[in-house]
Amino acid sequence: MPEVKIFVDVREDSNSIVQISPTNADKLDVSPGETIEIFNPDNNMNTTGTIEISEAALDFAGQISKNIIDALQFTGIELVLRSKTAPAQPTATLQAEPAPKAKLEPPTPHLPGVAPKITAPPKFTPKPKSSPPPQPTPEPAPAPSPEEPAIHQPSPTPPPQQPAAPQPAPSFQPSPAPQTPSQMPQITPPPKFSAPPQTPSQMPTAPQTPAQPSPQPVGGPGSMAPEMPVEPYPNKIDINMLKSQRNGVILNVSIDNSIQGGRVKLSNATLQQLGLGQGMLIAWEDPLTRANGSARIDAAEIGSTEIAISRDTKEDTNIQAEQIVVYSTEPPIQKASEIMLEVQAQPNLMGYCHVSPRTQHTLSITNDDVLAFEDELTGAIGAGKVKIEESAPDNAIIIDSEILEASGIGSFEVKVSKNQRQIIPLQ
Numbered sequence: 356m357p358e359v360k361i362f363v364d365v366r367e368d369s370n371s372i373v374q375i376s377p378t379n380a381d382k383l384d385v386s387p388g389e390t391i392e393i394f395n396p397d398n399n400m401n402t403t404g405t406i407e408i409s410e411a412a413l414d415f416a417g418q419i420s421k422n423i424i425d426a427l428q429f430t431g432i433e434l435v436l437r438s439k440t441a442p443a444q445p446t447a448t449l450q451a452e453p454a455p456k457a458k459l460e461p462p463t464p465h466l467p468g469v470a471p472k473i474t475a476p477p478k479f480t481p482k483p484k485s486s487p488p489p490q491p492t493p494e495p496a497p498a499p500s501p502e503e504p505a506i507h508q509p510s511p512t513p514p515p516q517q518p519a520a521p522q523p524a525p526s527f528q529p530s531p532a533p534q535t536p537s538q539m540p541q542i543t544p545p546p547k548f549s550a551p552p553q554t555p556s557q558m559p560t561a562p563q564t565p566a567q568p569s570p571q572p573v574g575g576p577g578s579m580a581p582e583m584p585v586e587p588y589p590n591k592i593d594i595n596m597l598k599s600q601r602n603g604v605i606l607n608v609s610i611d612n613s614i615q616g617g618r619v620k621l622s623n624a625t626l627q628q629l630g631l632g633q634g635m636l637i638a639w640e641d642p643l644t645r646a647n648g649s650a651r652i653d654a655a656e657i658g659s660t661e662i663a664i665s666r667d668t669k670e671d672t673n674i675q676a677e678q679i680v681v682y683s684t685e686p687p688i689q690k691a692s693e694i695m696l697e698v699q700a701q702p703n704l705m706g707y708c709h710v711s712p713r714t715q716h717t718l719s720i721t722n723d724d725v726l727a728f729e730d731e732l733t734g735a736i737g738a739g740k741v742k743i744e745e746s747a748p749d750n751a752i753i754i755d756s757e758i759l760e761a762s763g764i765g766s767f768e769v770k771v772s773k774n775q776r777q778i779i780p781l782q
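Using the working numbering, the first residue of the sequence shown is number 356, and each one after it goes up by one.
Calculated directly from the structure, the hints in this document are not laboratory data.
Heads up, a few of these hints could be off.
Computed list of lysine-lysine pairs in DSS-like fashion (alpha-carbon distance at most 25 Å, straight line) [to be verified]:
1) LYS773 with LYS742
2) LYS669 with LYS591
3) LYS773 with LYS740
4) LYS421 with LYS439
5) LYS770 with LYS742
6) LYS742 with LYS421
7) LYS439 with LYS382
8) LYS770 with LYS690
9) LYS770 with LYS740
10) LYS360 with LYS669
11) LYS360 with LYS439
12) LYS690 with LYS740
13) LYS591 with LYS360
14) LYS382 with LYS360
15) LYS669 with LYS742
16) LYS591 with LYS690
17) LYS740 with LYS669
18) LYS690 with LYS773
Quantities reported herein were computed from a predicted structural model and do not represent experimental measurements.
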């Protein structure tokens, strides 16, 4: 069944909800409202939840309700999502049968055709033994010895019926093999100056010579193999090149076991350099293993050249280098006095409105500041205290239903700004 591994963002304002991006929904082949399986690889526990698809969700992260996190006893940073619909298995029945049939067919035609052609020429090979005529020129004692094989040669020569064998099979005549025997008997009766048959005598010696050097090159590279060191990180890249590619910064990795929830700590100077803020997402890449990771940011009083992570996060994201490249997956924050946000109503917020960390840093606000929101179509105005929620979408503001009804706002989009008006408490 299809599955996707994502970084976990705990969502406390929902029940049994798994919010993912449309890309991951396509990979899992699920639709909003369908049930999905959530698997914890740390303890092999699983449970189910309801799918919710959001354009604001990242492809490598998802928001999961807290009751699911508690049910899985989850303390890491990644979970596996699996579709409940099992994929069809017709693909397992591969047509492996025609492959062996094709393998059996080619050897059968080659065996009958090639075997007779090869056997015929070796029978005529002894005839080139007529080479001894150059040997009697020095007139050594071994001259009579070649005469003895010459006596044995007439025994195969008298059966000229062998050419009769190719007659019933004229198909073999176009092949070069039958032509050679017809020429060989013609050469034997004339004078024995047939120097060309000496070439076949040299041919067997030729394969022997290359057979000897063949083990030599094998020994050469074998001796070189232990000398070549094995590269532990074949995909590594220069960290400065990676920095320019990612448009990030190089930071030293420091282990802080007090960090929980898969978060990381960065200095305020580093956050300003990257154009990010508290609670936003950061990503990194190891130049040795080329492994990627991401997490939420906590601003802390640490060195401007350091990133503090937990040991579990380092092991889970396969960080092996002492320095990594840290970069932003979001566009830099642009300060503004007011922005347009979509309206989402939610009951029981106790008069609060929720915004994302990106909206917080754009408007330069903090928790419990008062936000004003205006409906430009009707002119209706409302206000409420703000609470920063990492699960809130970057392009929306979640307003208490009672405030929304009392203010008379009916548009899908409002202009949000930090409240500058005087607030008069009701008696």
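A quick look at each hint next to the structure:
1. LYS773 with LYS742: holds (13 Å)
2. LYS669 with LYS591: holds (18 Å)
3. LYS773 with LYS740: Holds - the C-alpha atoms of LYS740 and LYS773 are around 10 Å apart, at most 25 Å.
4. LYS421 with LYS439: holds (21 Å)
5. LYS770 with LYS742: holds (17 Å)
6. LYS742 with LYS421: holds (19 Å)
7. LYS439 with LYS382: Holds, because 13 Å separates the two Cα atoms, which is no more than 25 Å.
8. LYS770 with LYS690: It holds: about 15 Å lies between the C-alpha atoms, which stays within 25 Å.
9. LYS770 with LYS740: holds (16 Å)
10. LYS360 with LYS669: holds (17 Å)
11. LYS360 with LYS439: Given pair LYS360, LYS439 holds - Cα atoms ~15 Å apart, limit 25 Å.
12. LYS690 with LYS740: holds (20 Å)
13. LYS591 with LYS360: holds (24 Å)
14. LYS382 with LYS360: holds (11 Å)
15. LYS669 with LYS742: violated (31 Å)
16. LYS591 with LYS690: Violated - the C-alpha atoms of LYS690 and LYS591 are around 38 Å apart, more than 25 Å.
17. LYS740 with LYS669: violated (38 Å)
18. LYS690 with LYS773: Measuring from Cα to Cα gives roughly 12 Å; hence the hint holds.
Checked against the numbered hints given earlier, the structure breaks hints 15, 16 and 17 and satisfies all the rest.
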